[in-house]
Amino acid sequence: MSSHSVENVDPSNVRLWDYDDHGHDFIGTRSIGFWLYMMSDAMIFAGLFAAHGVYVHNFAGGFTAKEVIHPLNALWPTLFILTSVLIYGFGMVALKKGSRSGVINALLLSFILGVGFLFMEWREFSELAAMGAVPQVSGFLSDFWVIVLTHAAHVFFGLLWMAVMIVQIARNGFSQNNVYRLLNLKIFWHFQAVIWVCVFTFVYLMGGI
Amino acid sequence: MSHGHHNPIEHPEVQLASMGGYLIAFVVGLGAMLIALWMVVGHTLSPVSLTTVISLIALVAVIVQLYFLFKLDLSSTQIWHTVSFVMTAPLFVMSVGLTIWMFHTLMERTMLPGVCTF
Amino acid sequence: MLVDLQGPWSPIFGRLGLLLDVHYNNPVIFFAFQLVVVGGAIALFWLTCANRWGWLWREWLTTVDHKKIGVMYVLVGLVMLFRGFFDALMIRTQQAIAVGPDSPGVLGAAHGYLPPYHFDQVFTAHGMIMILLAVTPMLVGLMNIVVPIQIGARDMAYPYLNALGLWLTAVAAALVMIALFVGDFSHAGWVGLTPLTELPYSPGVGVDYYIWSIQIGSIGTTLGAVNLIATIIKMRAPGMTWGRLPIFSWTTLASNIIALTSFPVLGVALALLTFDRYIGTHFFTADLGGNLMMYTNLFWIWGHPEVYFVVLPAFGFLSEIIPVFSEKPIFGYVTMVLASMAIGLVSWTVWLHHFFTMGASPGVNSYFSIATMLVGIPTGVKVFNWAFTMYRGRLRFPTPMLWAMGSLFLLITGGTTGMMLSVPAINYLVHNSVFVIAHFHNMFLLIAYATFGAVTFWWPKVFGFKLDEKLGKLFFWFFTAGTLFVFIPMYTLGFMGMTRRLDYVSHTSWQPLLLLELFGIALYSLSVVFFLAQLAVSIRDREKNRVTGPDAWGTSRSLEWATHCPPPFYNFAVTPVVHDRDEWAWRREHGLISLVPDRYLDVHMPKNTAVPLLIGALSLFFGFAMIWRIWWLAGVSLLAIIVVIIIRSFDKDTDYIIPAADIERMEAEILNRGAADETSDAPIGGGAGGALASPRKRDGD
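Chains as they are written, first to last, in our numbering: chain A, 1 to 209; chain B, 1 to 118; chain C, 1 to 701.
It is worth saying that the hints were derived from the structure and are not from the lab.
All the given hints hold, so there is nothing to weed out.
Just a few of them, taken from the derived set where beta-carbon distance is under 8 Å, the chain B residues facing chain A:
(1) Leu37
(2) Leu69
(3) Ile100
Simulated coverage check for chain A against chain B, where a stretch passes if three residues somewhere in it have a Cβ under 8 Å from a Cβ of chain B:
(4) 30-38
(5) 73-79
(6) 93-103
(7) 196-205
This structure is a prediction, so every number in the text was calculated from the model and none was measured.
Positions of the beta carbon are idealized from the N, C-alpha and C atoms, including for glycine.
Construct all of the structure, not just a fragment, from the sequences and the given hints.
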């Protein structure tokens, strides 16, 4: 009963309807939704890391972790993705200042670094394939390929999105839609750095121990 | 929906961008990964303590990134981001941790010693 | 890269060559096929004769209105509920007949009328359909309809995404229905028992249907969860503080947090299984470093939270229905909220209790056992709160309240048997027995009861007229009798040692109880007849049963009753200001029930769009192509989806503004409608669409 106010309300004075309806915070609504999606996406990695914890020694008499995983080789992708994220951050600073060329340049540079990341991954995995360490060999290799390439697939779709955004910004400037998309792509892209820190530590470094 | 913020650039979430914050996240993230890499490559500790230490380093790096890249704090623009993260993180840790725990005990009880090094 | 397949494969038709070996002369399949063909033909005939194609396209297929999307969700759920019910009917009949070595066998079966492989597909389809394609869409649909009105919003946070979620769910349902006639369905249980689901043991397309149907549907559910959470966080009307949020919105929030975080794990489990089946990885194989319990683990990391994802909205329904018919505010609002959130959290810590017998250490089993028992605390709090809400209330028992009462009783029996199962020592004894089946059917029936109650409760809000009470009560009592006759014998058989999924029962001493179950399902079938009659009679007599005024039950409490029945497509002429936890009750008590504001404002609404439907259609092609391994079609559809999304991102013309004068005119029309007694054409859903007659013209502006 506590919810019921006991005082008498003056019907002529109470405000039943909201006449200065400002609408809702469009950009904020978009970005919380995307952040929620990101949380959901993080749980994909939760499932994969849980699997990694179980498959990590299932070599099935084939390649061991030491033969497949070289932490030093993973340094290059680390540099690429972290720098790309930093440059995208600079793009957000340029957005704050309203500089269209700043945003486009940062996105371009970030895009190129992202492509660099994917190139390093491609090189690593084509080497693995060449030496016969394909996912069909053992539970461990299945898991290694899938967890790293799931991250790479995220990076790929991030790059696709980034390319579309470069065109969008060049055509339409900082419209409300473009601004919220830049914010969401920032969430997506920066999240890949966080996930990469986990992949690098728990897959590459621990595989090298 | 177009009313509210007339200039989208003035939106508080756009205004969160900060050069210094991104640089800190970059330096700490990269530094942490380099230290961890050096520790692993140089075999500085026993495997068990190495695992613990690099996990802790990763945890620090992730927390720094979450704070400086995503500005997760209790301000009115960011509170729901923070709340949803705080609610998701335990689920992430639980699903990974409990899985590893249950399979670890399962292997101990069902596999021949030495066949599986789990 | 790709695995070697048994059977034919061609680059153009994929594995469709397998169809040449399917025997379509099986009367069971033939009957189902005829049912679908005749039903489809009637629908097409009606649409063409009544010249309804344009109406279907404008008002339903391309809509972004959350109420209509919700209605379509419920429709999908209802269709699949019937499909699942037919499966149940087949399972019960088979088990009643195929008892003992002397039992007769027809249609190629040694005993009964379903050969083992067919029977296995039937129970797999039954489980998967009931949980993922019947209950889930109905609940999501009701959340879609009610939550935005209940919190005073004009629509969901992302109306376009909402439509996309619906169409992806519909694709999932469509794939399962296609599996009836084109190929076969999974035979490995709704949980997908590994390694039975692996390619060597399930070389057909059945498991692929199962995988892609769930995968696509769960993407839809995840999108819906994002949408509902963001809507509740961001779209509440002024004054709708967290402390005033109706309990149903709270439980929706809790349950969608669960959906948001758990469905991706299911996606991972199925994706890894997909890799096993398509490219030959070793995740869940029995050899080469695979770990088949890992699938079970990942599946239940999702599966248990999923149980709470479906039960929490049902708790929300009860929390809305019981106060209205007790004429009291809900007892213990704060504890109700805390209990919902606690259930959400605890649901994430208990999943191993689905496979206690895996062989993890006593420490692990004890932990998960205690965690499971903890669920009883918040649930108990809820039960007591509902009981105290009714205590000394002015009780009435129309159909929604009856369903709520039934639900409460089922919750208590189902909860108690659940507590028994949470003890590993008992669990080892009854694991995979029909005792477990009776327990979880008990729990799902509580959800079904609450959902039927909620549908009856909110029906007048959505369509503007009430459902027939007399037939509704007959439906309830026959359904309840069916529940008792099916599940009390099933609990008993569980204790007698009958295991689940039996296509042949060897103990003739079990037959009397199985026949009782058959009698129970006959009662269920009768109740379905009453349900259909209730719908038909109510729609026929809709003018007689029309609700005047916003409050259909006279004692309603929350904000969704503070707008017209049915609500116009913009929900509220002017956004309401909320003053109380039970806003409508508060307004009624203070004599402020007029819906006419001082003045009207422009309203900003999203435009209809065909893009979600298009993406849905492309996903259907994609899913079908992946199932039959028609790589070119899969590639083309996936590419087309991406291209459509990119093209749409350049579309700036997605919203429009309704001038205040138009709103005023439409409101006047609605308010005069009760007085004028017009015999306007109001077909099913015409309620929600009725007010759209005028604004439809504006779509092209």
